[in-house]
Amino acid sequence: MSNFTSATSIAQNVASGAQSAASVVEEHLQRISQREEEVHAFNLVTSTEARERAADLDARIARGENVGPLAGVPIALKDNMCTRGIPTTCSSKILEGWKPPYNATVVDKLFAAGAVFVGKTNLDEFAMGSSTENSAFGPTRNPLDTSRVPGGSSGGSAAAVAAGFAAVSLGSDTGGSIRQPAALCGVVGVKPTYGLVSRYGLVAFASSLDQIGPFSHSVADAALLTEIIAGYDPMDSTSIPKPAPSLVSVLGRGVEGMRIGRVADLPEGADADVLARLDAAFVALEKAGATIVDVKLPSLSYALTAYYLIAPAEASSNLARYDGVRYGNRVAANDMNTMYADTRAAGFGDEVKRRIMLGTYALSAGYYDAYYGKALKVRRLISDDFAAAYVNADVILTPTSPTVAFPFGAKTDDPLTMYLCDIFTIPTNLAGHPAMSVPFGTGQANMPVGVQILAPTLGEEAMFKVAAVLESAA
Amino acid sequence: MSERLSAADVAKVARMARLNISAADVERYTQQLDGMLDHFADIDNLQLADVQPMTQPFPLVNVLRADVEQPCLDREEVLGVAPAAEQGRFRVPPSGGEDE
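Protein sequences appear in the order of chains A and B. First residue of the first sequence: 1, per the working numbering; consecutive thereafter. First residue of the second sequence: 1001, per the working numbering; consecutive thereafter.
Accuracy of the hints is not assured; some may be wrong.
Claimed, not checked - Counterexamples of contact, computed for chain A against chain B with all Cβ distances above 12 Å: (1) N66; (2) G85; (3) A112; (4) S239; (5) V295; (6) T305; (7) N337; (8) P415.
To be verified - Covered stretches of chain B (chain A as the covering partner; in silico rule of three or more C-beta atoms under 8 Å from a C-beta of chain A): (9) 1007-1020; (10) 1066-1073.
Read the hints as simulated data drawn from the structure, not as lab findings. Where is the CB? At the ideal position from N, CA and C, for every residue including glycine.
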């Protein structure tokens, strides 16, 4: 368990006047100044704005105002969420220095709830990666062992919470980019149901897979954050037209009578220490009154292929907008086509170029049916597998990551080796379901292991109930 | 390695994707992408003829709003962050030149 004060406690203390927002911010900025050089969780620390904001909140609280459920809570944002007038880079040279002219919906929601933004966190460029080694501005280090990666792509957001730089943070998850770094840094990470949280203002990677979610030290904080950022937004055409779920209230209800799915045909690849913690999680849930049921997901082993064709295909289309015309950087040339090609070659890093080319190839005439078209059909098989499994199970438990946090450079030589980090997280994104990672003990080298809870569409209540029980048993 | 795609394929893809990459990079990407396509061959033998493709987690419905004036992004602010702007518009070099 963490030594840091939870967001829930901070908000209560600040709202009641027991603690000032200013003192909370100073405490976090101090930790940033002590360790940020070593960890590099941030692309930008907004200390001036954070101090001004905290002073404003304290003044409003002194006047008797209710400033919201996140009163004075320091929060870090992954640097692919638009913040008006504050640089948003996606850790890419192509967007370096760009200041968005608008806020993402989640930013407005957190602001309205009384949060204090402390900075924009590092990521694998355009969220493409599983270690935050692909950032144009240098890697983030795991605060628990700085010789190891924090995971990715939201490695900066996970590290910021793990190091106590922010009480909570937001990341985005396209194939595991919240859950995997959460597992590797020993914090809670949630990918909500696709459409539950607005994507307006989230720089698009793969639009049918991307979803924003929180990192936190506790399950209760994750539930609070999810409640606040969820809800219908007319600015996102895929937003679910339903009110945000009530999640904090379900914590503590236990798992008595719940059916927990164990995947009988789990794809191979997880280390023994990780599988041992998964087994321990099943034992804990059974002890708490749940029933363990075997489920089969026969198409799961094809998820990696489907994902690494669909996500790059969507990315190749989404990233076509970076052409040096409307935003970001430009390499000057005498004609437009040379300007496009030179700008994109200079602005994008290696992994982004690789995925753009893979996606362009998978979508190109003559190969569409063999690659992209086939991947979409495999996506349907996986979704159907889940539908069948959830007839008999309320949630499913798997590892989050096949391994604990690995040393820098361990998986950078072969892109495919890095892609295999996502084998257990990808299926959820393909189906559009919610899933979360909860720290559950440690494995090799005393590094944290995360257990992943998967639930069907809008099954967040069941997911959080299980998470709360695992948290107390960990 | 199976040679599912050639360096010429990769060079063509890079042109389509508007990426000006070097010959050495073409060679390297060819090898890496070929390795990936090899791995992705695991779905080659699946029987998928009767399976409906799934492009989105949920069926999409068109989202419309009333056709009334609303606040929008500030023109000066938007053009102010563009690489080049002139007379209230984005400025680009002439389009003459090769096109694939």
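So, going through the hints one by one against the coordinates:
no.: 1; hint: N66; verdict: holds (27 Å)
no.: 2; hint: G85; verdict: violated (8 Å)
no.: 3; hint: A112; verdict: holds (17 Å)
no.: 4; hint: S239; verdict: violated (8 Å)
no.: 5; hint: V295; verdict: holds (20 Å)
no.: 6; hint: T305; verdict: violated (5 Å)
no.: 7; hint: N337; verdict: violated (5 Å)
no.: 8; hint: P415; verdict: violated (6 Å)
no.: 9; hint: 1007-1020; verdict: holds (count 10)
no.: 10; hint: 1066-1073; verdict: violated (count 1)
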